[in-house]
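Residue numbers (UniProt numbering), protein chains in the order written: chain H, 1 to 124; chain D, 1 to 503; chain R, 1 to 121; chain Z, 1 to 932; chain G, 1 to 89; chain F, 1 to 161.
This list has only true hints and no planted wrong ones.
One-sided and incomplete, this derived list gives chain Z residues near chain D with beta-carbon spacing under 8 Å: (1) P62; (2) L139; (3) S577; (4) T714; (5) T750; (6) G854; (7) I857; (8) T873.
Per the computed footprint, the stretches of chain Z lying under chain D, defined by three or more beta-carbons under 8 Å from a beta-carbon of chain D, are: (9) 144 to 155; (10) 543 to 551; (11) 578 to 584.
Stretch-level coverage of chain Z by chain F, calculated; a stretch enters the list once three of its residues show a Cβ under 8 Å from a Cβ in chain F: (12) 792 to 800; (13) 836 to 846.
None of these hints come from the bench; they were simulated from the model.
Glycine included, every Cβ here is placed at the ideal spot set by N, Cα and C.
Each chain, letter by letter, is given below.
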Amino acid sequence: MPLYLEIIICVSLLIGGVFLLIGSYGLARLPDIYMRLHSPTKASTLGITGVLIASMILQSHLQGFLSIKELLITLFLLITAPVAANMIAKTALHYRTKPINETQGDDLMEAIRDRKSPKQPPEA
Amino acid sequence: MQHLSIFPILIPLLFGAIMLLPPISRDLNSQRICSIIGTLFLLISSAVLLYQISSDGVQVYALGGWQPPFGIALVADRVSSLLVLLTSFLAFSVMLYAIAGKDKGGAYFHPLFMFQIMGINGAFLTGDIFNLFVFFEILLIASYALLIHAGGKQKTQAAMHYVILNLIGSSLFLFGLGILYGTLGTLNMADMAIKVGQLENGTATLAKTGALLLLVVFGLKAAMLPMHFWLPRTYASASAPVAALFAIMTKVGIYSIFRVYTVIFGEHAGELENIATPWLWPLALLTISIGSIGVLASPSIKTLSANLVIVSSGSLLACAAINTEAATSAALYYMVHSTLASAGLFLLADVIARQRGKAEDRIVRSRPFIQPRLLGFAFAISALALVGMPPLSGFVGKIMILQATQSSVQTMWVWPLILIGSLGALITFSRAGTTLFWRHNGSISTDAEPAKFTEILSIGLLLFASVVLVIFGGYVSEFTQLAADHLHNIQSSAYNLLPGVTQ
Amino acid sequence: MEGMYAFCVGLLTACGVFLALRGRSFSVVVGLTLLSYAVNLFLFASGRLKLDGAAVLGESEQYSDPLPQALVLTAIVIGFAMTAFAVILAMRARADLGNDHVDGAIPPQHNDTSKKSGGSQ
Amino acid sequence: MSSLIWLPFLPLLGTLIPLITARLSRTVCALMTAALPALTLLLVLSHAGDIFQGENFEAAIPWIPSIGLELAFRLDGLALLFAILILGIGLLVILYARYYLSAQDSIGKFYAYLILFMFAMLGVVLSNNLIQLWFFWELTSISSFLLISFWGHKTDARKGARMALTITGAGGLALLAGLLILGNTVGSFNLQDILDSGPFIKASANYPIIVVLILLGAFTKSAQFPFHFWLPNAMAAPTPVSAYLHSATMVKAGIFLMARFYPALADTNLWFLIVSLTGLATFLVGAYHALFQHDLKGLLANSTISHLGLITLLLGMGTDLAAVAAIFHIINHAIFKASLFMAAGIIDHESGSRDMRQLNGLWKYMPYTATLAMVASASMAGVPLMNGFLSKEMFFTETLHQASLGSLSWFIPVLATLGGVFAVAYSTRFIHDVFFNGEPINLPKTPHEPPRYMRVPVEILVALCLLVGLFPSLVVGDLLFAAASATLNGTAPDYSLAIWHGFNFPLLMSIIALIGGLFMYHNRTHLFKFQAKFPSSDPKLIFEGIVQRIAAQASRIIAYTENNSLQRYIFFVLSLSMVMTASSLMKLNTTTGQRPEIPVDALSITCAVLLCVSAIATVIWHRRRVIALITLSVVGLIVSLAFALFSAPDLALTQLSVEVVTVILLILALFFLPQKTPKESSPQRVVRDLGLASLVGGVIGTICYALMTRPLDTISTFFTENSKTGGGGTNVVNVILVDFRGFDTLGEITVLGIAALGIYKLIARMRLSMPSADSTGRPWSEDKHPILLAVISQSLLPLALLVSAYIFLRGHNMPGGGFIAGLITAVAIIQQYIGHGVDWIKTRLKLDYQIMIGAGIGVSTLSGLGSWVFGHTFLSSWFDYFYLPVIGKFELASAMFFDLGVYLTVIGATMLILANLGKLTTSERPTLQEHD
Amino acid sequence: MLNITITIVAACICIALILNLWRLLIGPSVSDRILALDTMYINAIALILLYGMHMGSALYFEAAVLIAMLGFVSTAALCKYLLRGDIIE
Amino acid sequence: MKLFPMPFHSLLLFVVWLLLNNSISAGHIVLAVFFAITIPLIVTSMRDEHPRILKPWLAIRYVFMVMKDIVIANIEVALLIVGPIKKLKPGFVAVPINIDSELGITILASTVSLTPGTVSAEVSKDKAWLYIHALHLDNEEELVESIKSRYEAPIKEIFGC
Ligand code: NA
Ligand code: NA
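Produce the complete structure using the sequences and hints provided.
Rendered as structure tokens:
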């Protein structure tokens, strides 16, 4: 394998690995569910993309032709990750899971939960 | 005909599948016709198969053309073809009963019935142990579905226990299979029989644990103590044709015990020779005992029949434990007899229950019957058959079993248990019969339905079979003798069943 | 590796068995699912473990034993069918019997029975 | 001699005649019924001459050799005697019953049972094969049950019949055991062989058990003490039955048995002790009880017991002369007892009562019957000039001659005389208390003489009493000699049938008996008072009580063991399996085998940790169901990873897709099941279960380890070698699935299809209430179908379908295949259900899942059947490479059609389950307003 | 170099998985656990791809695709359950 | 029935098939065409009416812009996560939106989730508000404005709604 290829693969792999780790680290570290939501949806998406790119390059090299089917995984993840995050946020809101105290706009939460517009006063 | 030995599996499978497709799937009557034709075909082909086997010898059917031990092979020998014929006859008779109306009350009765038959026949015919597992699962899942046919709390409750216990059983089965494959490296039973003799030390010990796990599984199916608990409730709550069909289900377990522990772990198995016997022996005796106690305690005819199934299982297990040609022959005869007789009683119990209002089939005073003579006669016949009194087939089976005991120890245990068990059955049946048919109050129940023609025909066929088994007892027992000889000698001639390997 | 694998199989089995011995249908079904995982792993292992040996011709030099894999596939499917049936049956039992105890009735509170049995022992 | 074969079956053919002719007049019915027995009697008698000459007739045809059963008959003296009794008295009873039975009674049924019994009884006495003998023996029990319970609506009849059946049935089973051992000992079940090997049998170690078992059969049947109690209770039967069964035939079957096996078994100390003492006890007990009966038939029944005891005692003595006396008494007792029963029946029939406290002074009303009864009764008492006197005299003589009890032998004649005293006393009572002794009290009817022909049978029998009594040699001499010879399996000894033997001890005993009996009867009031001091116990009640207690005990055992606790059942199954496997596993010396192990790496440790922790978490959190589900998903994920790691990509794919569907199913179930699991396991239970679980886990883990570390030689090389060339695919696992072991796969999809059908059945009538709130009591969200989820689900569908097509098509050569493809499609459709709901889908997707299942299984099967056309076996695969312009070379294989069937079935089954489950809740669900 | 990188990345993913497990165990809310599971799916995809790279085999790609597709379905179903109870209504 | 009821999807399927098989052989192109036609035909009944892409070029530009944003967002978020947590100022924000189609809203919400420090939490019943959660909220108005201008506007333009 040419060195430049190996370097590209290694770099993208390392980026991927680091972002995956950060994503999971954030998941473990961040103080409330709403904040935790960010880390897998973003960091992990990028992380997995890194691994996928590395895989694409390596497999293309090994197979001897361009193998970019890993893009399909990226496609799936890009489509589904926001929805998953949305659904999880909905459940957290539904369960009235408390955000940390520093959270701004937490007065909106009831409205969000009930899918009302922010100006309406909450019903009694 | 070369494909004959797979007919007993394919006929029900295809008929079952066809009945899921329109236009037949939309109309109960055409399903009924379809089922009768199917089971009749099955009966005919099984009879021809039996005839062919007894004249030409064993048939090995290599599926997919892959010779055993690599591919799956069906082995139609005297034993399997006899049991397939038994199943087919039972299926045909029970189907006659079902089409009188018991097939209503839920969807898919007919296809499920067919699949159940397929599973049973497959389990009898297959020569591959994993394929045996697959057919076990087919017959089990079909039995789950049939058990809940027509609904009701008891059925649901019984099904819950039955299903979960069998799921545990299936897990154990797979553990056992894993061990056997992991030690023998093959799945064909004849090949296993050859390889098992070559095992040594640790590997042999491991194979033994696998074999014993299988024994538990088969014992569970066969309602061997202490794994019989599920049976009375399950059988008693099932709708009549289903319960009647279930009469053969315990026999599949017994059959597997005979197959596995005479063919694979039989006399030529080296270190693993006759490993099941020390366990089978006490458990068989205890099974007979608990079954007989259950018979005495039975509050209703269906429970009574169910407990009789346990007794017969115990007796058959005792034969398996004795593990000689004579015992196997006795077991085969007894299997045929007890399956048909208990199926007949299950059906009869249903007819009885329908004519007695709220009393149903419980052994209590009730309204009189619409058809007292007919039912009384049928009841007496099935009672005689099941108690094992002349002139019906029970006594032949019983004497064959008694005669099969070898040592004085065996005799000392088996004889009293079987004879006292018969006495218990006699007492219960005489109490039941006199109560059902002579202790009446009130008038004939208004919602009582008389037995329909096909129902009577069905019960009649099953009970008449008992008579035939006595009249032609000589031929039948000669056949079972030959079948038993074959089974006990497979191990020494296993290479004949393995065209794929050279000796 | 084999030891760890075997430990996991054993642990899964134990967990499955423990849950299968509970009284509520849901726990039992979960237990059976765990047990079937264990069974599949066990059956799979009967062909021995092998790294980098997928039984696809031309993909590797030495192939792992494909037969147990085929068996496990069959077992997975059958296990799935059985579990599905058990799950729905549990629901049906709840509907028919009014509770989710596997025996169809909630047994009397343990405190009462323990006193009784304690006395008799 | 083949006509002998037909002899017992002639009456059997006759069982149908009464059923058919019952609609004609009763007389016609009786005559037609009698025809075949009469013919049979003639046939039997036609052989009499030859038999008197010492000839025996035998005939046999094989039946079931494996159990020693042969259809074998023999007509010798003993059989002849019994055949004549059975048929002769049978004919008289048929005539008698014609008048005895009332119009309400079904005479056809009665005659049918009677003839059936006659057939069985003939079978017993004519048998020349042990098993066949037992066969007919049991038939007599059954037919007598039917006869005793003829009036089944009466409690007494039912109970009496049941008791008789139980006792004789139990005896029958003992007899069977005895006969089998006897046959096995001798090595033949032929009667003649048995009779010829008497010395051998008596020397055999099995002899005691044979004797005991066979005698149990004989004693129960012949109502010997202590099994005698069933006989008086069998008196609930119609009197013709009693006259037939309980005097001449069935109760004599036991006696017959002892006589039949006399040469083989008798004449040992054991035999003497058991038989004689039992006979003596029975003789006395019966005689004693007879005196205190108020029921006419009860008196006769007990007297029968007593006389049976007398015969048994004689047979037990073991001398040839005693045997002759026994045979003679069989004849005499049959004659006088049958006539007495008939007389009692006439009295009952014409006066409406059998109670001797009501029956008084009937002489005035029925002098003719009274005369007949008096003669018969005198015979029973042993009055000279009657037949009973002769045999009783012989009996007394024999009691004097035996010395087996040594210095205590004098007991026997003394007790015999005492029995004689009682016999005279109860005979006197039968006459005096009924026909004299004042006026009738409260009889339901005014007594009168019976119809002419009802009396005829009694007249014939009474005439025989006198004829035999007066001219014994002339009337029964030949028959007795032949029967006695047959009994002894040789020639009977010299004996004298003279009426007068001069003054001797036996005569003195008779005189003492006569005088003592009259004296005893005269002073009966004292005796009755004495007897009244004992608490009366009805054996029927005791017997029923015992049976019920046994049944109750049985129920208790069953209730205790089958306590309907699944937990216990599972515990038993697993414990048993552990006992079995652990016990053999302990013999495994070293767990580790020789196979080199794969080194452990961090990745696999991580996976193992994940797996173990989440498995344990599932257990710990099993009561928090959602969380348990989440941890379960982790376990599933790791298992898939493990499959991937250990070179099984197909397994990984399958496990992943199955996992998701399972979780979805479980979530669906979660909604309808209670949201919480209560904590209900006691600590002991938890500890017990943990113990068992660890044991199972430990054993399985150990085995797993031991297996993996041992080398294995498998058949699998065949598959890798033939996968491409024989199966046309490079993915060996898939080729195994669709080709080498396609039959398994066919079975597997059938299972899936059946499961779906079964689940459909389960759902069809399910009535579930939906929880209005979740486990925390929180009302459900109102957002049915979140926008994002709905829209994205739609977008995913085409992609998912494409992926499933991809997976399907590559399966044969690469990981994949119909099953996984099917599940992916199914999951994609489920995703639409989740995103949009059932109603939305219903209008848009019109798939009949049931048809898909049927078609799937059908397609797979048909793809297998195709090979038949080419003469190959089922599922033989076919594949070839084709070339098309533009497209190039491609492969077509029958396995693809097979896989297509799999694909269809999987979708059909999965969707049938999930879509129907979804329909459960489409109706409105209760909404709960939130209260904060 | 590639092998070392793969080892490092594998270690990263392993730590990530352990962290996911940690979150899954401590929760505190069910939503947290679902999120942890979802993240685990993503890490598992990466792990499989990495393994494929390590083995130089493309056989494991489909497993990764399947996790990507099906993991989402599972997450969505769990959330739907928490929200509505009934996932197919 | 139209041959290509969902042209965009057909194209996507065609590409993805070739991608999956890593092949542009004639056989696979035929199969790709086959699936590109049949799958939409099967699926079309299972779809709600969605607006068409009116400006494909704009759409492509949008995609690339979002991809760039994703990378940036990820790095930002990664830094936030690794950095001191105490300094984070999370917050909920209501973004008024003005898109009619559900598809448009979904795309907007997804984009928001994938890009700088925001996750779409909910869409109000009247579809007039998109609620988001920001990991680090410095200036609410700025955030709302950037979402509206950077993402909402192009989406509205692409779909013409
Ligand atoms: Na009187
Ligand atoms: Na629903």
